[in-house]
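Undergrad: Sequence:
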Amino acid sequence: MQSRKASSQNQTLIIAAVVLVVVIAGLIYFSSSQKPATTTTPKASPRPKAKSSPRPAPKTSPKFIPVPVPEASPKTKAKADPKPAPKAKPKPGARPSAKTSGKSDLPDNKVPVVASIGYSTSADLGEAVSFSAAGSIDPDGEIVKYLWHFGDGTTALGKNVKHTYSVPGSYVIYVDAEDDEGGKANTIAAPVFIKINRPQVTELSLDLPPVAIIGASASVVKVGEEVEVSGGASYHYRLRRGAIQSYSSNVKSWSFDFGDGSVSSGKTATHTYDEPGSYSVVLTVTNKLNAKEDSVARTIIVTEEPVSYQGIVKNPDTLIMAMGAPSHLEPMRLSEGNVGRWIDLALFDTLMAFLPGGTEPSLEGGLAKDLDVSADGLTYTFTLRDGIKFWDGSALTAHDVVYTYRRSMGKGMSWGALLVEPLLGIEYGEPITTEALEDHIYATDDKTVVFKLSRTYGPFLFTVAYPGRGIIQKAAAIEAGSWYLGDTRDWSIELDPAFEDVEGVIAGKGVIGSGPFMVEEWSKGERIQLTRFDDYWQGPAPEETILSLTISEWSTKYLMFREGDIDVMSPASPVQAEQVIALPATSQTYVTPIRQEGFIEVCYFGHDFDETKAPSDNQVPGDFFSADVHMRKAFSYSLPYETYVNEVYLGWAEPAKGVLNTGWPGYYENFPYTYDPVKAEEEFKLAYGGKYWDEGFQITYAYQAWAADTGGVLGELLAQSIADINPKFKVIPTVTTWGDLVGGGTPFGTMVAENGPDAYYIQNVYSGTQGYAGRFGYRSSEVDDLLAEATATSDAAAQEALYIDAQKILEDDIPGMLTVYTPAFFAAHDYVSGFQYSIAWITDPGWVYTLEKTP
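Per this note's numbering, the sequence shown starts with residue 18, numbered consecutively.
Since the hints were made in silico from the structure, they are not lab data.
Cβ coordinates follow ideal geometry from the N, Cα and C atoms, glycine included.
It is possible that some hints are incorrect.
As a list, the in silico DSS-like pairs of lysine-lysine whose alpha-carbon atoms are at most 27 Å apart [claimed, not checked]:
#1 386 - 464
#2 702 - 526
#3 541 - 464
#4 269 - 212
#5 674 - 179
#6 650 - 708
Here are the in silico distance ranges between beta carbons for each label pair [what the hints assert, rightly or not]:
#7 802 - 569: 20 to 30 Å
#8 241 - 555: 18 to 28 Å
#9 634 - 322: 52 to 62 Å
#10 199 - 266: 49 to 59 Å
#11 519 - 394: 39 to 49 Å
#12 828 - 258: 46 to 56 Å
#13 266 - 541: 48 to 58 Å
Make the full structure from the sequences, and use the hints.
TA: Take a look at the structure:
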């Protein structure tokens, strides 16, 4: 293990200071009076245009008392005519909450908080794509101007816009917003990414033009920073053994237009930009056979250095986050929660990766430099990059990759089991043999890894790039007692003791990765401290030390953030986010909203739940929902969705009408229900021949404690709405644990499920064998068969049709009520930069490798 720095006296003082602040904050909280709450009514209230103090938390019944938030700094004075001189404009490309420049005093105007969304992740040439900044707000005024940059050199004004592209490629879209005092902000930290597809080729021919493919070392760079572009993956075709194959050597020339008047020729080129802005880099290639051309574009955003921070920065050598600390370091299980994913991305690398904002697996940023896929789609051969090291300085080899993947199969762990059947040809739950592992996952040398699938599996590359598939060192894991090939121990347990051993991990045993950070200190569930791996193959991270704390109490977290004892955090709800947004401009903090976090909120109906495991207040039978679809329809018409979006999510969330976000491949509105008490009454009377309409019922609704501000309030809204329809109906919201929620005894309850940018995520939401619906007892062999068939084809059109067919069945079955695509929020002080996000990462702090604290 590379020598690690011992905890210095300064680090000890940091932790002591943090503990002291927590104690003080706790005393403040304890001494503060709690006002009794009232019941929320299902009536939408519009978002006020201006706010000078934090928005109050949504009202709940007295049973759920919201935590009081310590009073913020003195409110900003109301604006009056004549208006003061406009705040100096931040430099182009500055963070959304960039501060006043050219002044020695602190800012007095809060810049807008801008949220943008694109309603497609891909589109065809000439197809109109819609973009919206409707979720944006100005904390102390109003936004008067929106300017969109579409990434192809064109712009447009307006809150909601449409655009068409004329060149295929990958584009980065962001929007500038300006408020009524001249304050500006943008969405460069969380832009929209879209891929424009070239016309589909139905039959290969040597007379076709070549296919231009462009790669870039970064999508966002600073003025004067070098960016490298490559066209080496471009190809034409050749005739070989009677078949037409792609062939890169038949490309004759490459030409790059950098969008600023500069051009370059050759397979690769480097360029620096002198001015900030959005540039479209266009690659044009020509083939040898017929001199035909093809072009492809890629956006490069160029920013200036952010305006310098004005004030004292505490703990300048350590980035302190309130992002939680894991209880274990098992990669496959770390990826099942936001706390774990940021650790996964910090400690481990995957064969392929998702670039910031990207929704498709890419070799850029991955351990593999080349990939070859056989014509039948069954054999995937990866070639590793040179010079990749583990933390102990040893080389990462193909044998470590093979071990990592075999281990995930052999232990039958978590969602790692999703690959067992398509890769090994073994049904889930059946014994996994050594022969199967050796035949389907193997290395031909130190640099080459081969996966031989038993059937075609469309999402294979997506799973390869997903967090949780990070590569671990074989030798260290086996030496610490982990799984090995031929191991006969019972590995039905999902956690590996070697990956829970705090002392061992800190000492460099068991868990060794190749990621940008290593574990220096760790207290399970309380804090984790990471130290930089200086030999990281993509270069050392800007921060040397990252300390992440678990702070469950919001009032404590809020105080620590306001006072600068925490640099970065993620408000758990829109209510909390708006309390941070409402801090005065002098706080020099900012919030970056993520409109599409990668989760969908679902209120699942329990199908044949175990009544003996149900909460004690429940009085309905286990087949209450499963035996009559009219009961599921009645509840689906009873939820005041609009009120929920507006009053609980404060307009930040997108209403969910389908499993996948609008515009994604496979999107279908399989949940057409709206709040309609008249139809709800009709369905209640139809259910069980009107039995429960006449007799009434009492049922428990479950949610987890962390979701009190969202799922908890949903239960209150639904309880009141259903009681208004029939006073004999009683819904009792109940706090539960994750294990009990999905343990088979829940009558119905709300949870969030991943709905990433690949349609196979429908399985995660609705599959009876591999999805959350199955944990609530829903089973449909027809749906499962369609989903399995969809993953077995590489034909995108056929795949999408199968997913839609499955969703049509779900539309009638109603396993649960879809509510919203959940948003996320990144909050930081202005001296923190580098936040990047991908919906495929699903981690609130993004990739901590890029974060930088600049005193």
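Undergrad: Find the hints from earlier in the document that the structure breaks and name them by number, from lowest to highest.
TA: The structure breaks hints 2, 3, 7; every other hint is satisfied.
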